[in-house]
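Protein sequences appear in the order of chains A and B. Residue numbers for the first sequence follow our numbering, beginning at 1 and rising by one. Residue numbers for the second sequence follow our numbering, beginning at 1 and rising by one.
No lab work stands behind these hints, which were simulated from the structure alone. None of the values given here were measured: they were computed from a predicted structure. Virtual Cβ for every residue (Gly too), placed ideally from N, Cα, C. Don't take each hint at face value.
Unchecked claim - Among the chain A residues that face chain B by a calculated CB cut under 10 Å, a handful are:
| hint | residue |
| --- | --- |
| 1 | 114 |
| 2 | 120 |
| 3 | 121 |
| 4 | 137 |
| 5 | 211 |
What the hints assert, rightly or not - DSS-like cross-link-like pairs, simulated, lysine-lysine; straight-line CA separation at most 27 Å:
| hint | chain 1 | residue 1 | chain 2 | residue 2 |
| --- | --- | --- | --- | --- |
| 6 | B | 87 | A | 128 |
| 7 | A | 13 | A | 155 |
| 8 | B | 86 | B | 6 |
| 9 | B | 122 | A | 113 |
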Amino acid sequence: MLELFMRSLPLLKSAMLMTVFLGLTSFVLGSTLGLLVALARTSSIRMLRGIAFAYVSIYRGTPLLVQILLIYFGLPRYGITLDPVPAALLALTLFSAAYLSENFRSGINAVDKGQWEASMSLGMGYWKAMSRVILPQGLRIAIPPVGSRMIALIKDTSLASVITVVELTRVADQVGASTFRYLEMFLMIGLIYWVINQILTVAQTILEGRISRRYL
Amino acid sequence: MNVNLKTIEVKNLSKAFGQNQVLRGVDFSVLKGEVVVIMGPSGSGKTTLLRSLNFLEIPDMGTVSVCGIDVQCREGNKFPSREVQKKIRAIRQRTAMVFQSFNLFPHRTALENVMEGPVSVKGVSRREASERGTRLLAQVGLSEKANEYPNRLSGGQKQRVAIARALAMEPDVILFDEPTSALDPELREDVLVVMRNLAELGMTMLIVTHEARFARDVADRIIFMDAGVVAQDATPSEFFSRDGNPRVRQFLNLIEI
Numbered sequence: 001m002l003e004l005f006m007r008s009l010p011l012l013k014s015a016m017l018m019t020v021f022l023g024l025t026s027f028v029l030g031s032t033l034g035l036l037v038a039l040a041r042t043s044s045i046r047m048l049r050g051i052a053f054a055y056v057s058i059y060r061g062t063p064l065l066v067q068i069l070l071i072y073f074g075l076p077r078y079g080i081t082l083d084p085v086p087a088a089l090l091a092l093t094l095f096s097a098a099y100l101s102e103n104f105r106s107g108i109n110a111v112d113k114g115q116w117e118a119s120m121s122l123g124m125g126y127w128k129a130m131s132r133v134i135l136p137q138g139l140r141i142a143i144p145p146v147g148s149r150m151i152a153l154i155k156d157t158s159l160a161s162v163i164t165v166v167e168l169t170r171v172a173d174q175v176g177a178s179t180f181r182y183l184e185m186f187l188m189i190g191l192i193y194w195v196i197n198q199i200l201t202v203a204q205t206i207l208e209g210r211i212s213r214r215y216l
Numbered sequence: 001m002n003v004n005l006k007t008i009e010v011k012n013l014s015k016a017f018g019q020n021q022v023l024r025g026v027d028f029s030v031l032k033g034e035v036v037v038i039m040g041p042s043g044s045g046k047t048t049l050l051r052s053l054n055f056l057e058i059p060d061m062g063t064v065s066v067c068g069i070d071v072q073c074r075e076g077n078k079f080p081s082r083e084v085q086k087k088i089r090a091i092r093q094r095t096a097m098v099f100q101s102f103n104l105f106p107h108r109t110a111l112e113n114v115m116e117g118p119v120s121v122k123g124v125s126r127r128e129a130s131e132r133g134t135r136l137l138a139q140v141g142l143s144e145k146a147n148e149y150p151n152r153l154s155g156g157q158k159q160r161v162a163i164a165r166a167l168a169m170e171p172d173v174i175l176f177d178e179p180t181s182a183l184d185p186e187l188r189e190d191v192l193v194v195m196r197n198l199a200e201l202g203m204t205m206l207i208v209t210h211e212a213r214f215a216r217d218v219a220d221r222i223i224f225m226d227a228g229v230v231a232q233d234a235t236p237s238e239f240f241s242r243d244g245n246p247r248v249r250q251f252l253n254l255i256e257i
């Protein structure tokens, strides 16, 4: 197994970078979009709430694989042709934003109503109160579920292999096909996914501790 | 300056929560520099009245006038127009509120809590806000707690930070919503002392409270609310007199020893 590992190391290295790149980039973009969706979902404007609700309903209610296939194979019908990597990135971003928006929403809703009232009574407007009082508390509450989402997203990148993105799962599949050593290859990349996610878990724990230590 | 300037004037104020008519046409006013205490049994509408004054509750009907800014309330006006919202913001910036449950910002230190309003709403520089905040914390006797987060403070200390936060906005009037109700008896006195000092400094205050002794000693007037209306508006000596309003007597018998 070791010689197989050494032999495929160059491929695995670039594949691992692709996996991490896809996962973290779509996490950052998805968090940004997800936060906007969460704000729309908690807004007092009914139309915004409706749009956000529909968004979450669609992207959370359909399989990620179907979304990837639609974007990569479906959009060209309308003249929108995306390369595999941008297509995967777009699908992962839109998909994760739906889940992340729910995590953010639960954080925002968990902040005590008295915090809004205190902000309002000081004369703050919605954005001031949201950015200076509500979000700093709500986002901290949301860290554990958002961390879980990030880890799930790293694993979800494996679906990009179906549209020929050369990430870990695709490399394992290719090397397995040419050497007939599927078992070793898939065990190997399983371990790599696990290591990546352990590192992210530790990072999340440190972040959580650092923020909570101050005031909890 | 006009000595009889009305800081707060409320006319015919009504508010219902669903079927429950909490305020049924309330009229009263608070003059500049006055300390007015609102008392009354649970459910009489005291807190709703206080919260209506800076529109944490939107009244259904009536007029609220604070610091010369008039807001007319109409039924079905749950979402005020832009113009009215502007007025509400202006009123909120000239009033301050002290809550029963303190509502300090837990992610900010005591000093940062006091600085928050001036910095983020009034655009005061951090340096100036910090100097003023330090002074205000000293005024409420909490200089040594400036850099503590609220979770490290006792209830009484939290409420005093909340009062300092209110003072930092240099309000024309402070609204107190049962400021000592959530506190252990031995911690109440610290807060009440701070409030007495404010009264002596001439701060205009409107206070919902059950602290009868405090009301007797400090209030210029006591408003007694019952079933959503002002049942009595009297000086403390009238309010506590043996032959006063029978409904008031009944109430006082319940809360006094």
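Against the structure, the hints come out as follows:
1. At its closest, the beta carbon of residue 114 of chain A sits 4 Å from a beta carbon of chain B; the interface hint therefore holds under the 10 Å criterion.
2. The closest approach between the C-beta of residue 120 of chain A and any C-beta of chain B is roughly 6 Å, which is under the 10 Å cut-off, so the hint is satisfied.
3. For residue 121 of chain A, the shortest C-beta to C-beta distance to chain B is roughly 4 Å, which falls under 10 Å, so the interface hint holds.
4. The interface hint given for residue 137 of chain A holds, since its Cβ lies 6 Å from the closest Cβ of chain B, which is under the 10 Å cut-off.
5. Here the hint on residue 211 of chain A is kept, as its CB sits about 9 Å from the closest CB of chain B, short of 10 Å.
6. Under the criterion of a C-alpha separation no larger than 27 Å, the hint pairing residue 87 of chain B with residue 128 of chain A is consistent with the structure, at around 18 Å.
7. The hinted pair formed by residue 13 of chain A and residue 155 of chain A meets the criterion: a straight-line CA distance of about 17 Å does not exceed 27 Å.
8. Distance restraint check for residue 86 of chain B and residue 6 of chain B: the Cα-Cα separation of roughly 21 Å lies within the 27 Å cut-off, and the hinted pair is therefore satisfied.
9. Distance check on the hinted pair: residue 122 of chain B and residue 113 of chain A sit about 23 Å apart at the alpha-carbon level, within 27 Å; holds.
Violation of the numbered hints given earlier is absent; every hint is satisfied by the structure.
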